[in-house]
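Take the sequences, apply the hints, and build the full model.
Residues per chain, in single letters:
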Amino acid sequence: MRKELPDWLKTAMPETAAAPKAIARTAREQAETLGLPGLRDEEWRWTNLRAIQRGEFTAPTGVGADIEPSVRLPLDNPLRLRFIDGVFEGVPNDVPEGLTLTALPDADEDTRQAAFSPTPAPSVENPNDALVTLNTAMAREGVVIDVAANAVIDRPIVVEWLDGATESVMSHPRVLVRLGQSSSATLIEHIETVGEQPSWRNSVIVSTIAANAVLTHIALGLDGARRLATERTFVSLERDARYHSHNVQLGGQMIRREYDIHVGGSGAHVDLIGLMMPRGKQVLDTHTRITHAAADTTSNEHYRTIADDAGRGIFKGRILIEEDAQRIQAYQSSNNLILSDNAEIDAKPELEIYADDVSCSHGATIGRLDEEALFYLRSRGLQLDEARGLLIAGFAQEVIDEIPLVELRDWLTERVEQRLGDRDTAGNETA
Amino acid sequence: MALLEIKNLHAVIDGKEILKGINLTINAGEVHAIMGPNGSGKSTLCHVLGGRDGYEVTEGTITFDGHDLLEMETEERAVAGMLLGFQHPVEIPGVKNIYLLKEALNAKREAQGLDEVDTFTFMKQVRELVASMDMDDAFLHRGVNAGFSGGEKKRNEILQMLLLEPKLALLDETDSGLDIDALKVVSEGINRMRGEERGIILVTHYQRLLNYVEPDFVHVLYKGKIIKSGDKSLAHRLEAEGYQEILEEAS
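So the sequence lines, in the order shown, correspond to chains A and B. So the first sequence is numbered by the numbering used here: it starts at 1 and just counts up by one. So the second sequence is numbered by the numbering used here: it starts at 1 and just counts up by one.
These are calculated hints, taken from the structure and not from any lab test. All C-beta atoms, glycine included, are put in the ideal place defined by N, C-alpha and C. Among the clues, some could well be false.
In silico lysine-lysine, DSBU-like type, Cα no more than 35 angstroms apart, as pairs [unchecked claim]:
1. B:K228 to B:K7
2. B:K96 to A:K348
3. B:K167 to B:K232
4. B:K20 to B:K232
5. B:K225 to B:K20
6. B:K96 to A:K281
Stretches of chain A that chain B covers, calculated by requiring three or more beta carbons in the stretch to come under 8 angstroms of a beta carbon on chain B [stated by the list, open to error]:
7. 244-250
8. 367-379
What follows is the structure, given as structure tokens:
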């Protein structure tokens, strides 16, 4: 059963939202009906929102402090779009040709309409849409990223979600990304907690990729012990469009990330690559839903989870192939590594196929480190700890290697290695 | 002092005794072939020598280069100079070959009290070895054995040996499943390793390898015991007459 919207959340509903008035009003009503998802909702079996329910979060007051992320990503001249506790600090002034950045409240009615009209449209029937509906009702901040037709934006566009700057703050930012025909751009979400404070960010990204355009979207969730986040990304692709997604989650108390990908034009292709590394008591959860609505489309999904301590990793990947969508190739794999007796991983592939000419496969594995491989490395003189570390890092590396930005890839490799180096191997020794 | 001395070795796996009193002495400079039918204990012997978990030695001793081998961890055996060539080399995608080679070499050097190898010397040596094994440089940046063919995996085992220069090379069915070209390259590699300082044990099911690497001694392992030892002519007899004749003769 869904949980009623807590009072603190009801009273926090803003008078004015970024969504067009009619949309915001409807969303407010629906949000109250929908409440928050509970464990009995099928999509939320493994992840509970108790920490949010009890959190008594308040809307950001706009601290405006000049807070910087703790790390600088190795990116070439990035366009930084900084959100401190969900408050957008404004568009940079050196925006290259072909790119238009607009603070969401400043955007025209049509644009705001688009930002709040994703495909598929959220439904009051679907408990899973409670959070996106809540975002629609509450969003006041956001940014619109428009890439003109044929424009090639070399500079990575980095949305920095810097959470936890003030105490118990919640935010509901909305981002719209529109790629014109044959354009290309790289969107990076740099996610981290900048303070010790608990925080909850319920963010939504709506993106549309026009014919023959390419969007590379990298999400990097870095450490943050008290970060709660519910993140949803909508992507719709036209003919021959491509969407490459890399989702790396290394920290946070409870992170639920969802992708809804609508492959709506023939020749379009989607890559969804992910790495989650929960440890401590972290819950890192990704749900993906790919809808092949057009013929001759392809998708390739590869997720890996490494769960340590009492960490929990959750991956659910749904692939829906509609009746008229023939000649589809859709591959999904989910490989998972459990490093400790108290860690848990839930992996669930879901295929729904209504077309008949389809090549589709999925597979999920959950296991411990391969004893055979450990023995092999030790027989070459490597110490047990080193051999274990190498195998774990190697497991992660296979998905990191898919990231197209070389410097970022190397940086992430090092970051993951450091992170693994920190682990108390002796304490996690398995029998 | 013998390089390897196995005395009355008994070993058990899952409560079942597989090795039932093996005696074997190997000196530096010698190449020994251990032959035997399936299930005779060949792989068990290799695993026990390599220090693999799950095998219990119930009786006997193994001395390697003056050390009590059974007291040593797998990695200690390796850095002390014993290298096991796997029958089925393990695929480890995500760990690059070049990285494993360097870590393995440095582990050995550290045990010898030497500094880490300098990158230039290392790369030069590795490239030469790669060429000598008729392999492509690109393989160095691929995952260990990941997606390799059977022949490539075995070449990789020999390449590691040539780099790590063990005192004792223990090759478990290195020749199984190789086509003739790969067998030649692998054999050449093994022959290059032959030397005064080094012992080599070839564990094999087939006599074919011994046409390319000529052993000094041949042992027949059967039901967990060495039932007959001889020179290379024993291998030829096995090929010509099959195991049955020799088994009957020995019993």
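A quick look at each hint next to the structure:
This hinted pair checks out: K228 of chain B and K7 of chain B have alpha carbons roughly 16 angstroms apart, not beyond 35 angstroms. Restraint check for K96 of chain B and K348 of chain A: satisfied, since their Cα atoms lie roughly 30 angstroms apart, inside the 35 angstroms limit. Taken as a hint, the K167 of chain B and K232 of chain B pair is honoured in the structure, with Cα atoms around 22 angstroms apart against an allowance of 35 angstroms. Distance hint between K20 of chain B and K232 of chain B is fulfilled; the C-alpha atoms sit about 25 angstroms from each other, no more than 35 angstroms.
Between the alpha carbons of K225 of chain B and K20 of chain B the distance comes to roughly 6 angstroms, so the proposed pair stays at or under 35 angstroms and holds. The suggested pairing of K96 of chain B with K281 of chain A holds, with an alpha-carbon distance near 32 angstroms, which does not exceed 35 angstroms. Check on the segment 244-250 of chain A: 0 of its residues sit with their Cβ under 8 angstroms from a Cβ of chain B, so the three-residue criterion for coverage is violated. Under a criterion of three residues with beta carbons nearer than 8 angstroms to beta carbons of chain B, the stated coverage of the segment 367-379 of chain A is upheld, 9 such residues being counted.
This entry does not satisfy hint 7, going by the numbered hints stated previously; all others are met.
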